[in-house]
Amino acid sequence: MATRPEQQWALAAAGGDQAALAKLLETIQHRVYTLVLRMVSHRDDAAEVTQDVLLKIVQNISVFKGQSDVRTWAIRIAMNQSISHLRKRKLRRTASLDQQAEEGPTPPGREPDPAWNVQQRESLDHLRVALSRVEESFRGVLVLRDIEQMDYQQISQVLDLPAGTVKSRLFRARLALRQEMMALEGTPVTARPGVTP
Amino acid sequence: MNARYDDILILDYVEGQLDDEQRKAFEMLMVADPALRALVRRMLQDRQALRSMPFDQAPPNLLPQVMQSQERQMLLGTQSSGRIKLQSASLPISPAARRRHRLMMLTSYGGLAASVVIVVGVIIHVLRQPTLSERVREERQLVLNSPTKKERSAPPPDQPPGQAPAQAPAQAPTPTSEVSSSAQAASPPAAAAAPTAAATMGHSTTDAIPEIPPVPAETIRGARLTGARDKRERIAAPVPSPVQSRTLDETSDVALADRADSDKDTAPPVPPAAPAAPAVAAIASVSKPAGPATEPEIPEEISPDKAGTPLDVGLEVVTSEVGLSRGDVLKWAASNRVRILKTEADPLSPADRDAAGPISRTQEVVLSLEAQQLPMLVSHLNQRQGQQVQWMRSGDLPRRQVQANSLSKLTLPATTQAATQSVAAGASGAGDESNSLSANAAVAAYVAEPAPKTVATDWHALLMRQLPMPVDIPLHDPAARVQVPIVIREPEARPAAPANEAQP
Numbered sequence: 195m196a197t198r199p200e201q202q203w204a205l206a207a208a209g210g211d212q213a214a215l216a217k218l219l220e221t222i223q224h225r226v227y228t229l230v231l232r233m234v235s236h237r238d239d240a241a242e243v244t245q246d247v248l249l250k251i252v253q254n255i256s257v258f259k260g261q262s263d264v265r266t267w268a269i270r271i272a273m274n275q276s277i278s279h280l281r282k283r284k285l286r287r288t289a290s291l292d293q294q295a296e297e298g299p300t301p302p303g304r305e306p307d308p309a310w311n312v313q314q315r316e317s318l319d320h321l322r323v324a325l326s327r328v329e330e331s332f333r334g335v336l337v338l339r340d341i342e343q344m345d346y347q348q349i350s351q352v353l354d355l356p357a358g359t360v361k362s363r364l365f366r367a368r369l370a371l372r373q374e375m376m377a378l379e380g381t382p383v384t385a386r387p388g389v390t391p
Numbered sequence: 029m030n031a032r033y034d035d036i037l038i039l040d041y042v043e044g045q046l047d048d049e050q051r052k053a054f055e056m057l058m059v060a061d062p063a064l065r066a067l068v069r070r071m072l073q074d075r076q077a078l079r080s081m082p083f084d085q086a087p088p089n090l091l092p093q094v095m096q097s098q099e100r101q102m103l104l105g106t107q108s109s110g111r112i113k114l115q116s117a118s119l120p121i122s123p124a125a126r127r128r129h130r131l132m133m134l135t136s137y138g139g140l141a142a143s144v145v146i147v148v149g150v151i152i153h154v155l156r157q158p159t160l161s162e163r164v165r166e167e168r169q170l171v172l173n174s175p176t177k178k179e180r181s182a183p184p185p186d187q188p189p190g191q192a193p194a195q196a197p198a199q200a201p202t203p204t205s206e207v208s209s210s211a212q213a214a215s216p217p218a219a220a221a222a223p224t225a226a227a228t229m230g231h232s233t234t235d236a237i238p239e240i241p242p243v244p245a246e247t248i249r250g251a252r253l254t255g256a257r258d259k260r261e262r263i264a265a266p267v268p269s270p271v272q273s274r275t276l277d278e279t280s281d282v283a284l285a286d287r288a289d290s291d292k293d294t295a296p297p298v299p300p301a302a303p304a305a306p307a308v309a310a311i312a313s314v315s316k317p318a319g320p321a322t323e324p325e326i327p328e329e330i331s332p333d334k335a336g337t338p339l340d341v342g343l344e345v346v347t348s349e350v351g352l353s354r355g356d357v358l359k360w361a362a363s364n365r366v367r368i369l370k371t372e373a374d375p376l377s378p379a380d381r382d383a384a385g386p387i388s389r390t391q392e393v394v395l396s397l398e399a400q401q402l403p404m405l406v407s408h409l410n411q412r413q414g415q416q417v418q419w420m421r422s423g424d425l426p427r428r429q430v431q432a433n434s435l436s437k438l439t440l441p442a443t444t445q446a447a448t449q450s451v452a453a454g455a456s457g458a459g460d461e462s463n464s465l466s467a468n469a470a471v472a473a474y475v476a477e478p479a480p481k482t483v484a485t486d487w488h489a490l491l492m493r494q495l496p497m498p499v500d501i502p503l504h505d506p507a508a509r510v511q512v513p514i515v516i517r518e519p520e521a522r523p524a525a526p527a528n529e530a531q532p
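Chains as they are written, first to last, in our numbering: chain A, 195 to 391; chain B, 29 to 532.
Hints listed in this document are in silico derivations from the structure and should not be mistaken for laboratory results.
Here a beta-carbon is modelled for each residue, glycine too, at the ideal position from N, C-alpha and C.
Any given hint might turn out to be false.
[Unchecked claim] Pair by pair, the computed Cβ-Cβ distance ranges are:
1) A:R281 <-> B:P88: 28 to 34 angstroms
2) B:V144 <-> A:A357: 51 to 57 angstroms
3) B:M102 <-> A:E379: 49 to 55 angstroms
[Unchecked claim] A few chain B residues that face chain A, going by a derived Cβ cut-off under 10 angstroms, partial list only:
4) A77
5) L78
6) Q93
So here's chain B without its partners, still in its complex pose (with noise of 0.2 angstroms):
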């Protein structure tokens, strides 16, 4: 846009700051521009009407208020917000109105303040919320440190045997063991991948637990599968040798001599004149590939004491209907406060199941009970149908690679070896069902020699009654704790016993 006029030479006519010569030139343009002169008419009328505004006056109460205002500042000593709300005539305030307004407004910020208090609260909640993987690692810590469903019916080990169990508190379901079987069954090739501690300790991943690597399979030969539950059950030992704090398993089927052997100021809960020390040392020795250093911490909660001593026979039972006769020791178990240590199913890797032969089903359960209450378990076994029970060496058990030259050295001793051989002859001539698996309990009766003078009790002559047992429990204590492996299979899933071991 374009200004034909000077907006100062306007102003200043308006104002009245143009001298006579140029009000005139001014006065020229306006005549011959109308716009312009009405413009100016106009403003000059606006001026005057302004500057003939009338003065308004100040209230009356205005200038007292200030000077009261003023003497309250000097007499509190502040210098600012001194103002007094002047009366106002067209909006007076009662002091009713005045409290209402302040109850609103307390109740307007407490409102706020609540909201605020809430809104804070939801945030540190949800910030507090674990995230998915925390849920799940925090899961799977709880279900490797929870006890076993057995573990939480039975008493604890110092309870008296008439006492009902404590009340277990609330665990997370613990994996089964079956579910570890399958897991172990359905990934062969991953468990080959590289020697880790669990194989080293017995152990191999049988669950899908991430944090174990898979095994060799080199290196699990003479392994026993273990799940997550066996984990839990490492036993502690007091010093931390590598034979010390070997898992519970090595303890309970092969460990006996290794521990006898290199730990005998230990003093562990076996005697010094083990039967099956040198053999079982032999068995441990292969059985046994790793150093002290992948030996992982072991909980204490099964102590070795706790677990009992490991038998160098194991009970075999033979049945065609495996689940349900595990089912069957797990539930005699549960009843008659022996912990169950190890439950499995189908203990053989892929490798081991060649070598055995034709294993079908084939399940295994570790049990840890007083001395005097191995009669009441084969006579609870034997009291089932079509259920063949008979003893059964460690060397035979599943999963054991016994050497031959080991095996040399065990013989029978003599009280035992006879024993089995009249109860095998007495089986096969007369052909007595309750005394059917004594051939196979011959079969089965090798034991480390010398055999250890045995204090005859009540309880191990009832149990030789009803079961010869190969070998002499070297046990005093009716009421000492004994680790007993039990190996349920069927019918055609013997595994194959090396042709130089079969008979004694």
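One chain only, chain A, in its complex shape (with noise of 0.2 angstroms):
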């Protein structure tokens, strides 16, 4: 998402252009879905997270003032949407183990590199579970440190949480994540280095 152009589109859609409004949402559309989608775990459920984003972001955008990033604003809105849909969610349904089989085969046209061997595709499957099953709060800053490469300060300014909370609570999510990768592959949980019973 580069921060140059859109935060000029993002200026321009404020002042009523509307061209400038669709550029940014075009622009923009694909990595709000990737961080749905990477949040909510199912295809549907992201297409329509999103386009709530989207309409959000719309509805908005004559009170952006420029003062802030317009991707992590945008990243905002769409965390708070996508964790506001998983506690929607979470009453009607609960986290089952096909949650791969939710977010779906990839897409025609989008297969990854061919150089890609099969240990990399299982290993990236169980990362996608190993995401879905990991607590929201500790997904969330997941998301948003690796897949969205923020800083933490940007996290922090995202998910509204103080430096540190977002450090520690990173490290934690990547023990989780840890975790989860293990059961998956098999292994049994290690206990974690360093901490002794």
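Combine the two chains into a complex, taking the hints into account.
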């Protein structure tokens, strides 16, 4: 998400430029969708949540003053919408082991690099499932840090948390993800290194 | 648990935020700790895998639908719920399926609403059910307000004689007088607790109605035992004076002269020249101990006009079958449009019973009938085998405490004396069965003087032939309604009369 042109389009859209708004939405929709998909782990739900996020952006673009990064602003909306959706969905159903199936196969034309071997594909699938099993607060930090590649300051702005809290939560999120990955790989969860019972 | 390594140090190494010295120091730690080394290595792999995850493309129709939705919201002026349902390739929803879903939703919501309505209805129905105490109170009130069986069977007073009685509404059964009297007899000490309005009015508690407290024996002397039915048969008076608002019992037997004396201008249904006015006034003065404040309210259904004029005499039926005779009287009353004002068994209180002598079974019925029905009544009573009928003056009626000085004023009019003496002489001489009670009738022939002049009518002549009456009935209208007390007793139950008034 290139900051500079997106920021300009956002300011133009806030001034009433519909073309700039269309360009902004067209640019950020894929990133928003990816983030939401990593959060909700379901393609249809991700599409609906992304639609809601884009609608909120359209409805509130007029109040955007440009004091913050439009990417951070959009991701914050997406995270809030995703968490809200997850809480609603938690009431309807519990997360199952078929999260990977729910996320579905990779759409045509989006096949990963052929250089990826089977082990990498399997590792990727495990990673998706493990990520979906991680607690949602940990998942959000991981997504923002590794997928969106935000720094601690941006993550603290998006999640409205102190930077120290973000760091400690990120470390626990990595530990949780590792435990989920080990559980999926059939490896027993080892004791936390450096921690004596 | 104690941590040997700092979490933030591990995280900073994984995130690549340590400087060279810190990184080398940490790598020395990892060399010394294989577990730490393995964890860090796995964390780095996970981080790299997450960062290398491929980007997913949004659905191609996502942005156009967002724009359409935004345009529609702008046109409609709404800002919320403008999301367009995306077409799902994996689960397409047909219009028929949507209709079925909508129908199911309507059905489920309708059933839920119906259930709520039913539950609310049941709750309201349960809450509106009277409690046990309320039900008992309502039934008791219903009993008090319901007409008697005879009242239901009898036609209204203004109905022609030949017309059938109107259908009475369904009412709860009234307590019988036998039960009332037995209840009174079973608890005589309770009846002597405190003076009450009931005793003041000539009523006493003979049934199990808790609203009426017991009555002391001193106060109840001279008062007649009545049941719940009597409380319903209180006579309404147009003027709220203590005399006019007296009960039916008093008006039926003793209050005639009282009315003549104190309420001359209220025009009661008694002629001004009532024969027994002074005497009955004296009797009423004895049997009326209370003031006007304790007078209960009197229902309007039985007014003094409807109840009739109380006679100074009553009929005494001596029979060994008291119950059968009483039932016979009641049947006759029911079949001849005669109102039964009172029916009770053993009307004497224990104190009165001791004073009156050995009364085994005595029952009293007060009828309200037309004067021309008197011969029919006497004839009917005479038809029963083994039953003796005679006139009985009011002072000899049960529970009437007559003072001697009051009785001394009573004299027999010349015409009546002659009639009764002749009848008595004929009965004693010939031993005629039909006139076997003439001696008793002569004994009972106390009347007040001066005797009024009575217009001779056919019914009166017939009555005098059947059973010579010791008093002239001051009624010129054959259809005038009178109150006749009938005392039915066993032969040995005759109350002992005072010695000075045994013979005229």
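Results for each hint:
1. At about 29 angstroms, the CB distance of R281 (chain A) to P88 (chain B) agrees with the hint of 28 to 34 angstroms.
2. Between V144 (chain B) and A357 (chain A) the CB atoms are about 53 angstroms apart, so this pair conforms to the stated range of 51 to 57 angstroms.
3. For M102 (chain B) and E379 (chain A), the hinted distance range of 49 to 55 angstroms is satisfied, since their beta carbons lie about 52 angstroms from each other.
4. Hint status for A77 (chain B) relative to chain A: holds, with the closest Cβ pair at about 5 angstroms, below 10 angstroms.
5. Satisfaction of the interface hint for L78 (chain B) is found here, the shortest Cβ-Cβ separation to chain A being roughly 4 angstroms, below the 10 angstroms cut-off.
6. Nearest Cβ of chain A to the Cβ of Q93 (chain B): about 7 angstroms, under the 10 angstroms cut. The hint holds.
Every hint, counting from the list given before, is met by this structure.
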